[in-house]
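**Q** Sequence:
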Amino acid sequence: MKQPTPLCFLVITSLAFAFVAARSTPRGLNAEIEALQELDRVIGLPGNRIVRLTANLIFLDAPAGVGFSYSNTSVEIDRPGDNSTAFGSYAFLVKWFQRFPQYRENEFYIAGESYSGHYVPQLANVIFDENKKAIQENYINFKGFMIGNGYMNIETDLRGMIDYAWDHAVISDGAYKNITASCNFSAQIPSQECSNALQQYYAVYNIIDMYSLYTPRCELGYPNFTVSTAIQSEESADSISNFADLLKIPLGYDPCLETYATQYFNRQDVQKALHANVTKIPHPWSLCSGSINRAWNDSVRSVLPTIRKLVDGGLRVWIYSGDTDGRIPVTSTRYTLNKLGLKITGDWSPWYYHKQLCCLYLSYVCTFSEFAEEMAELWEGAYDSGSHSNGIYHQNLRMEPMYEAFLCPLTKQIMCDPVTLENGLTFEREAIEKWFKECRDSGRKPICPLTLKELNSTDLNPSIALRNTIEEWTQRNEAAQLDVARGSLTLSSSENDVLQALEYVIDICRKSRSNKRIVRNAELIPLIADVSKHSTEEDDDNKEAIAAGDTIRTIVKFLPHEQYQEREQAVSLLYELSKSESLCEKIGGVSGAILILVGMSSSKSENLLIVEKAEKTLENLERCEKNVRQMAENGQLQPLLRLLLEGSHKTQLSMAAYLGELVLSNDVKVYVARSAGSTLVDVMKSGNKEAREDALKALNQISSYEMSAKILIEAGILPPLVKDLFTVGPHQLPMRLKELAATVLVNIVSSGANFESIPLGPSNQTLVSEDIVHNLLHLISNTGPAIECKLLQVLVGLTSSSTSIKNIVAAIKSSGATISLIQFVEAPQREVRMAAIKLLHNIAPYMGQELADALRVTVGQLSSLVQVIAENNGISEEQAAAAGLLADLPERDSGLTHRLLEERAFDIVISKVVSIRQGETRGSRFVNPFLEGLVRILSRLTYLLDEPDIVSIVREHNLTALFTDLLQMSGLDKVQMVSAMALENLSQQSKHLTKVQVHPQPSFCLSIFPCLSKQPDTSGLCRVHGGLCSVKESFCLLEGRAVEKLVACLDHQNEKVVEASLAALCTLLDDGVNIQEGVMVLYDGIKPILDVLLESRTEILRRRAVWAVERILRTEEIAYDISGDLNVGTALVEAFRHGDYTTRQTAEQALKHIDKLPNFSGIFTKKGG
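Residue numbers (mature numbering (1 follows the signal peptide of the UniProt record, and there is no 0)): -22 to -1, 1 to 1147.
Quick caveat, the hints were computed from the structure, so don't treat them as lab data.
Treat the hints with care, as some may be off.
Taking lysine-lysine pairs in the BS3-like style, the calculated list, with each CA pair at most 30 angstroms apart, reads [what the hints assert, rightly or not]:
1) LYS582 / LYS535
2) LYS73 / LYS121
3) LYS973 / LYS1034
4) LYS594 / LYS535
5) LYS564 / LYS628
6) LYS557 / LYS582
7) LYS489 / LYS111
8) LYS1010 / LYS1034
9) LYS73 / LYS250
10) LYS415 / LYS390
11) LYS952 / LYS791
12) LYS1065 / LYS952
Given the sequences, and given the hints that come with them, work out the whole structure.
**A** Right under this line is the structure:
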C-alpha cells in the first residue's frame, strides 16, 4: 500500500542555530520536540569565534508510528528495531534527495541525542556502506555525525550514571557503595541484590528532574505518557528485567516543554497548518510512543564498533555531553570515549560563547597502534586465536578491542549469527535454538535463559547490524594481524617470530576459504616460501622437517598459481627440498607434481627463472626411478632413455619394459625410435627371452606410427623379427612372444615402406618373396587364433600396397591357399574373421574368379559373408570389407548370383541400401564404402535380365526407381557409375518388356476405304518404346524420370560416371526404339552430349558421344541447327580422322548429316579400307 504524504519531516531554514542542549530522545520520542528546542539559536565555535550559519535541517519522525509518522501495520506484527529504523531512515533520505535534488551536492550531517546514540551511528553506517555501491542519484554527500548525551555502550553508560549521581550528591555514599558492590553492569540482567540497591537511586529521580539536576520540576504536571517520567511503583526496580530498560525513560530539558508541546501539536489548526495528520491517526500526538518502546525488536548493547568503523572510514564525529544531565551524563560519555581507545591530540580546551566559557573539549585521532593494553588482553581471552602463546606477539598485533555486545550470554563466545528475542536480549542463533529445544524436550514452556521469564514467542529476529559490525570488526583485526605477520616473515626476523607468524597464518586460513584468499591477496605466500627456502638451504634436517605432513602437497598447489611471484617461490622451495635424495620420492608421490614441473620446464611463455628452477628440480627428481617413469608418462622421455642407454643391465630392462607400457604421442614415438631404436633391436637380436620380451613390448609401442616404424626398419628390425616368427624347435620363442613379434610386424608393414627392396638376410629375400609369403601362409594355417589374426593383418598390409600386391597374389595362387584363406571367413573370433575378409577384399580384383569359384563350391563361407553384411550394429569396417569383397567378384558369374539368391543376399542388400538412403542407419566412416559395395552387389541382377526369375525380383523391388534415386548420391562416384550402368542394362530390356497393343485386322471394306476406319488410340503409349511402359514393369527410363538425372551426370568430373550415364541415355536411341522420339526426349541433353564430344576426355567417351550425335543428327531440324557449329564439325572431323574403325564409320555418317561429306562418298565401304 502506498504511504500517505503528510508531514514526515520538517525542513526549516534559519540564520541561527542552537547550541544543542543536553536532551534525551529515547526510542519513540518524536522530532517535533527537538524542533521546538533547537531552532533560532546561535552556535559559538572554538577560538572566540561566533558564526551564524545557514543550514537546511530535516527533523524526521522515525520509526513509523511516532509523532505524525504513520504505519498501517501494527507494531505487534511489524516490530520496530534498531536495524529496521536505520534502513527505513536511509530509504527516506534517498527519496527525499530524489524529490529535492538541488540539495544533493550539499554536505550532509546527522545529529541526535540520547537514544540517537544508537539511531545516528546505525543510520550513518547504512549510508556509509550503501554509498560504496550507490548510483549517482542515490549517493549522499555524507561527511559526519553528532551525538549529544548519547546512549552508546550500556556498561559505561550505566556505570557513568551511578558515578555521576554520587559525584553530584544525588545519592548517598551508602547507596553508592551498595550499588557498586551489588551490580555488575557488564551483565545483561541485574541480580536481585542489584535491583534492591538501585531503589534508592530511582527514588531520588522521582523528585528531581533527571535531565537537568538544578532545574525545578514542571508544576503544570506531565503528559500522560505510557512510559512515565521516572520509574513509578508499577514499574519499580523489581519489574525491570534488563539493564537496557534503565535507558528507556524519556523527558526533555525544559520542565514544562512536554506539556506545552503536547497541547500545541494536538491542536487541529496547528496540524492543518503543518499539513500533518491528514490520515487522522486514531490516537493523540504524544512526546513518546509507549507501544513502539514495548515492541522494540533489537537493541545492541554497544555501538562502539560501528562508531570505530566510521571513524576509520574517514567520517568526522562530534560527541558532546551536558554537565547537568543525569540521564546519559558526561561521566558516561567520558567512560565510553575512553573505551574507544582513541589517541588524544589535544587536551581539555575552552570553547567560548559570547565571551563566556561554553564548554571544554578534547580532540582525538584514530590509529590502530594506540589501543589500551587491557583491550588486547580482552581480545586474547574472548577471541580464539589458535595456539599463540607469546604475549609480546599479541601486544604487537595492534588489535581493536572486543566489545561485550559481541559475546553470546550463553556460549561466552563472539557471535556469528546474532538474533534478538522479544525481550530485546541477543544470543547466538545456534545456542538459543538449542536452549529452546531443551525446553521443548523437557516439557517446559520457553523461557529466556537470562531472565528465566516465560516468553510469548520464540521468534528470532536477526540482528543484521550487529552481525555486520562483528564481521567488519573481525576483518579489521585480522587485517591488522596479517600486517604484523608480514613484518615478521623476513629473513632478519627471529625464528620465534617467524614461527608465531606462521602459526597465525595457518590459524586464519583454517577458519574459512575466504581467509585463504585474503592471505594470498596480502602477498604472504611468497614471504612464507622465501623464509622456508632460506631455512632449508644446506640443512637436510630442516628439509625433512618442512616436508613432514602435507607441506609438499601444499607447495605443489602453488606451482600453477596465477601470480608469478608465488609460482617462483613455490618452485624455488621445491628445488631446495629436491636436493635431499630421501625427499625425491615423496615429491614425486604428490599427484600432479611432476606433470606441473614438466609443463613449467617446457613452457615458452613462462619466466626463464621459473623454467630453469623447474628443470633443475626435475634433474634432482631423476634419482628416483618412479619419478623417471612419471616424467615419461608426461612426455619427458629423456631421463628414461638415458637410463635405457646408460643404466645398468637391470635398469635397462626395467626401462624397456616400462616403455612398452607407456602411451606415447606420435612425435615421442619418432624421438624414441631415433634415440633408442637400435639399442632395442640389438636386445631383440641377442638378449635372453626376458630381455627380448621387454624389447618387443617397447618396439610394439614405438612402431605403431608410420614415421617411427620406418626408422626402425632402417635400424634393421625386419630380419630378427621374421626370424623370431619362423624359428621352430628348441630355440623358438614362446607363442606369446611370437604373437608380440607378429604385432610389431603388423605395425611395420602398415608403414607403407617398399618391402620389395628391403632384404631379410644374405639370400636377399624380402618380405614379399614367394618363399617368405609361403612361410607366412603355412604359419597362419598351423598356429593359434591370436597369431593367425596378426599374420593375416600382415598380409592385409602387404596387399594394401600397389607395388607388392601382385607378388602376394602370385604366392597365394602358387601355394594353393585360396580355400584355406576363405575358410577363415567362418572363424569364431571376430578379429580373425575381419582380417581374413579384408585380405580377400584386397586380392579380389586380382583373383576374383578363383574366389568366386571357391565360394560356390565351399559350404558356409558365402553365408557367413551375407550374415556379416546383415548385422544391424551400425556399419563396421568388417561389413564394408565383406560388401566390397562380394562386389569385386565377377558380376556376370550367374552361378554365384544364384547362390546369393539362395542366401537371400539381395533382400538384405536392398534393405540396407534403402535404410542408408533414408537415413535410418547410423552413419560411420565406413558408410560410403559399405554403400558402394551394396550397390555393386545389387547391380549383379541387371546382368541376368534374360532370366524371368531375375526380372520378377527386379520388378518386385522396383530396382529401376532405386537406381534412379541413387544417381543423386553426390560425392559417391562409384555409386553413381554403377547405378547408371545398371540403368543401361535395365533400359535395354524395356523394348522387350513394353506392352505393345495388338489391333484387329480391318474388314474388306475398310481395307478398301481406310479413310472410313477409326484410327487406333495411341494415348498413354511410350513415345520411345511404342507400348505401355512403366518404371516398375518395363524399366522405362522415361517413365522413371531418369533421363534428367542421367543428363545431369554428363557434367560429372569423373569420366567413368559420364561414360556410364551416356551409355544409359544411348539406350533411348538404340535400334528397336523410336529414334526420332528418343531424340525429342533427349532434347535438353543434346548440348551436354555435344559437350562430351567436344571434350573427348577418353576414347570410350568419344566413341559413345560420336554414336549418340550421329543418331541425334538424323533429325533434319537438329542437323540443320548444329551444322553451323564449327566446334561440333571439328570434333566429328577429329573422330573421323583419329578414331578406331567403328568410330570413324559413325563419324562419317554424322558428317554427312551436317553436309560435311557428300552423300555419294564411298569411304570405308569395306573394313580396313
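**Q** Failing hints, ascending?
**A** 3
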